[in-house]
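S.K.: Residue numbers (UniProt numbering), protein chains in the order written: chain V, 1 to 311; chain Y, 1 to 296; chain B, 1 to 326; chain L, 1 to 523; chain S, 1 to 325.
Check before you lean on any hint, since a few could be wrong.
[Said to hold, decoys possible] In silico EDC-like links for lysine to aspartate or glutamate, alpha-carbon gap of 16 Å or less:
#1 S/Lys41 <-> S/Asp240
#2 B/Lys82 <-> V/Glu219
#3 V/Lys128 <-> B/Asp238
#4 B/Lys30 <-> B/Asp238
These are calculated hints, taken from the structure and not from any lab test.
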Amino acid sequence: MANYVIRRLLMIIPIIFGILFLTFLIKALIPTDAVSALFSGTVSEDKAAEAIAQIREKYHLDLPWYRQFGIYVWDVMHLDLGESVRTRQPVIDEIGFRYVNTLILAFSALIVAIVVGLVTGMLSAYFKNTWIDVTSMSVGMMGISMPAFFLGFVLIFIFSVQLRWLPVIGRGDFQSLILPALTLGFIEAAALSRVTRSSMLDVLSREYIRTARAKGMSESYILFRHALPNAFLSILTMIGLQIGNLLGGAFIIEVIFGWHGIGELAVKAIQWRDFTITQAVILVSAGTYVFVNLIVDLLYTWVDPRISYEE
Amino acid sequence: MTDMILEEQQTFGKPTGSNFARAMRRLLRHRSGQVGGGVVLVLVFCALAGESILPYDPLSIDPINRLKPPSAEHFFGTDELGRDLFSRILYGSRYTLMIGLVSTVIAATFGITMGLLAGGGGKWADMLIMRVVDVLLAFPYILLLLAVVAILGPSLWTAMIAVGVGGMPGYARLIRGEVLAQKDAEYVEAMRALGASHLRILFGTILPNVLPQMVIYASFTIPLAILAAAALSFLGLGAQPPIPEWGAMLVDARTFLRTAWWVVAAPGMAIFVSILGMNLFGNALRDVLDPKEMSK
Amino acid sequence: MTALLEIENLQTHFKTEGGVVRAVDGVDLKVNEGEVLGIVGESGSGKTVTALSALRLVDEPGKIVGGSIRYDGRDVLSMNKKELTQLRGDRISMIFQQPRVCLNPVISIGRQITELLKQHRDISSKEARNTAISLLNSVGIPDAEKRFSAYAHELSGGQAQRVMIAIALALKPRVLIADEPTTALDVTIQAQIIELLRELCREMGTALVLVTHDLGVVAELADRVAVMYAGQVVEETDVETLFSNPQHPYTQGLLSSMPVLGQRAERLTAIPGTVPKPSDMPPACRFAPRCKTRISLGMDICNQEPPQLLRTAKGSVRCWAIEGAS
Amino acid sequence: MKLQKLTQMGLASAVALFVASGANAETLRFRLGEDPESLYNVETNSLTANTVIASYLLERLVYFDKNGDAKPWLAESWELNEAQTEITFKLRNGITFHDGEPFNADAVVYHFNTILAPESASPHLASMGPLTSIEALDDLTVKFTFSEPYAPFFNELAGATGGFNSPKAVEAAGSGYGRAPVGTGPYMIDQWIPGTEIKFVRNDNYHEQFRGDAVNKGAPHAEEILLSVISEDGVAQAALEAGELSASMLLSDTIAQFMDHPDFNTVIDETATNLMFLEFNHQKAPFDDVNMRKAIGYAIDRESALAAAWDGFGTAALGPLALGIPGFDGEVAAKYGTPYDPEKAKAILDDLGWVDSDGDGIRDKDGKPAEFLIKGYAGYAHSSRTLQVIQANLAQIGINVTLETADWGAFYPSLLDDGWDMDLMRWTARDAGILGELFRSPGHRQKLPANAPLDDLLTRCNSTVDPAARNECVSEAQRMLLENVTIVPIMSNWTVIATQGNVKDYTIDRMGYLIPGDVRIED
Amino acid sequence: MTSQPLLSLRGLSAYFPIKSGLMQKTTGWIKAVDDITFDVKPGETLGLVGESGCGKTTLSRTILGLRAVQSGSIRFDGEDLTGMSLRDLVSKRRDMQLIFQDPNASLDPKRRVGATVRAGLDIHRIGTVRERDERVAEMFARVGLDPSLRNRFPHEFSGGQRQRIGIARALIMKPRFVICDEPVSALDVSVQSQVLNLLKDLQEELNLTYLFVAHNLAVVEHMVDRVAVMYLGRIVELADRDELFDRPQHPYTKALIDAIPAATPANRRHRALLKGDIPSPANLPPGCPFQARCPSVMSKCKEKMPPDFVTGGNHRVACWLAEDT
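Bound-form chain V, shown alone (with noise of 0.2 Å):
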């Protein structure tokens, strides 16, 4: 086991690295750099060309991007993430807070997920092809089933301006959380709702469910004893995968409600060209992803003895 989970730390090196290199790959592919992002809108670049080419020095952006990349590669190694050309500051000050609010966030909208997920997910396999599977499915698939900002707004307009009873503006307390959690969970419960039914329908199928049933055992423990461990395996699979759209996919979410967190950084960043923060942003989104698909595997052989990396 703990051979395993050095083999698998020792993965995460290689994925960063190719996940950096892809970054520079694309920032040197992209026309426009922070700079002249700043700059242009505001006045001529050729009249403010002293003050650019001194931040284009300053940060680097003057060298050819493979050896940008060595630089960074370099610092990031001596745990430094550099500064943010649009604001100045130190990247660490920019992320820092907004990865523990995505954090926040994401672990929330998996729990609200989950619950949805596997509700409607076992609802629909147990009562497969008939209208309860039908209608629990959409119940289910309704959060996929909409651009997230239009189910922001439509919940924005329901709980907030017509109940009054949660915030528009985010204000990183517990009842700004409770809203884009809500919609967040909602969407991502789509996917979970319908590997939870195709699992439960596979196992449900199984040999061993029979032999439940032939030993007299009730439905409900048949369902939750024996099916749904089963099914879990694959459900955990499933929210591994979403942890990664938890992360970064998440910045409408984070517009609409004021929900500041790493998705909303990203998007901003790379609007303005501020490649700092971009790459901030990829190291440490894919850094937890991989990171918690680490965990997933370990919880595999929790959840299925069959599955052990023990040799």
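Take the given structure of chain V and dock chains Y, B, L and S to it, following the hints.
M.R.: Chains Y, B, L and S only, in chain V's frame:
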């Protein structure tokens, strides 16, 4: 022995046909298949029907009649430029569907090739391709999309390419898994025993057998692609005006939620119903195309 | 004497896209206390569905549409959910063909026994555990105390079937339905399991319903045998009579097509053709198209009217040739 | 070290989660469209940052009154030398920064020297023009020296650029100063959660408000001001409705429901210092031809565009300068502009040889159909709507255009390349100097051919300090730009703000900044 | 009968590595096929008997070149296949074909059965397309299927019919040597006899040589000329059919024969049962692989691997009990 052939004949009914025909029959009896299939059919009809069924020109503006609520004249009302929303929704269905299909085809073509080569192309190919897939999967999805758009410049096609690129690793992973699962199946071994080449086995034998899984997966990635394109529109990088792609329409209309709800409701409901329908249809497909179901 | 388990005119149908499949079509069976009833048939004969029907375990789209099943005089088909769960596993239990997939892979084998004990008996966890361990011992699982927390994947096929038997016999049921209990096992292991079943059932006085395609297993274990073909019982008699004097052409064909150790014949006598597809049943006698007797006797009735079950000296048989002869 | 910082930030934020923000009734809550990158005016020049800096934190030597005339603020008075190359300001006495440091000539010198220093890489460096030196003549007297007269400088002095920071604080904070600015304004920064909100508290040691246009001369009314970052208009609207915002600038699409609502007030600032206009790639045929550009100008239905884009909250523009900028000449605009007249447009095109020879509804010339590409900014719906109106207008006269919109970082730099014919641009400025910035050849996108008379004129406008003379010069420039059809002006939009009904004296000054000390909540 | 053997195995082994540790080093081997030596003469049927996991499937795949050879040699028709290039091996495969156990799994569900049967001809580009189709039709008729059924899918056929298709697929290549891997164990009794008869008929008609792999001794007894008994990767006994069934020498062979259920109820008997399960072939202890279950195990058995003892004629047995005879 002739006697035996005769007897065998007797036990043979009319051909039950291809797996496809059986799946279609099963689909027709599936509740989600009925609901979702109906929606998908309507959608495809609208997309293919052409401009002759449109009551108004979906593109010509009429600022005097802007923001008119739904009426007998304009079923869904008019938008901020006075265009008939009903016509725009009908007309836009082709773009919305096109985004879903084209980007899925892009994702599937490259993803399948990667997956097949990873699953069947030896240890090093597998190692290399899967690391690339890992990198793409760990790379924040929306940033990948934005990066592609930033490189290629925004347009409907770019949006489709971007969404396609974003979907690639999913296909590669799925196909690789399926290939690994099928690689040692007896019918594959049988081909190998006959001396079939590696590529023939990969593309001629394994690929057709993993296709149902692909179709199921595609049925879920098509709606996801439509939503991803809508997310790009949210950033102004999706379909370009005046193309009435639903996602872009919804994005442009969002400020009217309180003052002219119909402008928002028309594309919003169109997307909601279509995507829910597609998802339900996908569910039904999964049920009827699943290999376990097929052998019943 | 009333039979312990009595099935009368059982009809279990499956609704499929090709129409209704009459998997079990008018089956009568009787199992007496302590007796071993073999149900023999090829795939598609309905033997497994009959066995599952006895405990109402037929899954969708299958449905019992007619007939009656009585256990100890009580109507199984009219039982409610609670009564049914009380019956299952306690009074009538069942084991299946693929023991390793019949055990839940994520639940330890010990718990799969104790959960049964706790479901049906009011006992403490500790008692349940002790009972389970002694059960595992009695079915010949070595090191039962340690194996208690093992999982199905850690067992061999033979061991898994032993565990299944331990579960099935945990509450000393009065009927054990074994559906192809040895088919998936290796020859040497198969022999072990046959011995185990024989011993345990005798010990507990449990009646055994042995569903199998293997006439050898029937010859080893059964007291009475019912031969099924295409959803119906075609012949039913005691085991000696069946082997020494088979009546139905199908039984005869089956016996003669089986290679027997030591015979070393050059050619086997095969039954021509295949089992009819359920969607394409012959209209009258279901065996008629493959029946050599019909062909040699040139009997037309076989293709016109279904034969009825006919009582014989030691049992019953469903064949026009016999009817004509008697 | 860095890692430690990360965890500290994380913890702080996690704790903040469960602490309700304790704002009281004396708190004003406003919307910020985006998070400013920095509040140090030397290193930033974004609209958002300028607005925040100039409204709440820093004060300037001068302000512009309602008529657009410069009036003393932190300066008591000023005088120009004969050559108009030296401006000497007399500063008011007794003004202190938030940190207690005195505001004096040294602070002024320090500020402008910092901008001029190349190592600051200040985006304002360019707008300092021919400024050569700043000297403190005594503690309260400062002299600015220019190599030639520079008229737009007063605009810089009155804008965010001219706001003063405490030199001591700047030195002490180093690179972190942008997050903790120290000025002389009515409010002081209290807390800034990047991307989320900025909290200001009242400067209780505030000196007298010297601006003439301010109602409240004393310390501001509200104790706190909370600026929440809300980028989505719909959300801001919802927040207003839910009572979570005191006031918010909105898009005109959303303002309608607040207009006649008893619980809300609306503030509509028609000064309009912005202009949306169509530009041409002058280096590419056929838009190197002034008549071609003119035809386009006549084809644009500005009223429709205004209705579609801004729901009518704006003014159709015929002149190249926004009507709110001093020097705007309505007569020139009316006389030389190209009002909506599709027939005229068609006639010009016919004359030019662009005719529909193949009957497909699209004009062509020399076998080339009239198909062109218009680029635009994708950030706002109004720009895309205007584009669609333009597209429809041009279709009317037989020109087929494709629209391509992108985010600013892609759109604006891409105009330096050649693959476009027209673009839709929108600019906000306060001073007529903008004309020179944009249109003195080769122009802000390097596409304008040399035009010596116009270039000279635009240069002269900048070096004419006397207001009347300058206005004359600017009028002339507007005429020339119109004659040349350098651009096709379309419209200026108004600033539209909704406030809660009990929010009073929400006033926007001539520069577009809020006068925060005036705003009060009526019981 | 001293003709050259068609297939000749000498010390053939096929191992699977066991990997472990941080660097995934190979730390052990599963000896799936271990030091196998036997010949198959032209025209004969050699039975290969063993329980699951004994390596009989691996052996058959190794002979066909589908698994890597660890050591030893395979000679087919006098040519050494182990050193052969892939290209040559592919053409050799035309002469060696395989009939699979499970007709459900071995037919491509997405391919029409005619195409499946034709696959070999397509791969080796034999004849024109028309000729290939003719040969398919011919082959269908020969295995007892109506050629008009060529365009159907496997799921439309019964198990027995599918196995006929599998046989047709193998035999269309006109092979000389066919490995029948449990060809009837997945079939119903009544169909089983049809297929066994068919195999026998085809052998005669086409002059085939069979390696008949099975676990059912009664079937093997019926089909073969000689029998090899395999246990945990090794051949423990090899003899002519009658010799082996009448005078089994290895305790394992004896147990196998004894374990077969009685043919009639009259023959019910109390049998000497082998204890325990088949051990895993990974990391076996030294000595005889059967030691753990052998009723007559001796201390010698746990120390040294018994060599092949040849007793009387062609009877070969790897058991220390046979040492003295």
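S.K.: Against each hint, give a clear statement of whether it holds in the structure.
M.R.: Now the hints, each set against the structure:
Distance check on the hinted pair: S/Lys41 and S/Asp240 sit about 13 Å apart at the alpha-carbon level, within 16 Å; holds. With a C-alpha separation of about 10 Å, the suggested pair B/Lys82 and V/Glu219 falls inside the 16 Å cut-off, and the hint holds. The hinted pair formed by V/Lys128 and B/Asp238 fails the criterion: a straight-line CA distance of about 44 Å is larger than 16 Å. Between B/Lys30 and B/Asp238 the CA atoms are separated by roughly 12 Å; this keeps the pair inside 16 Å, and the hint holds.
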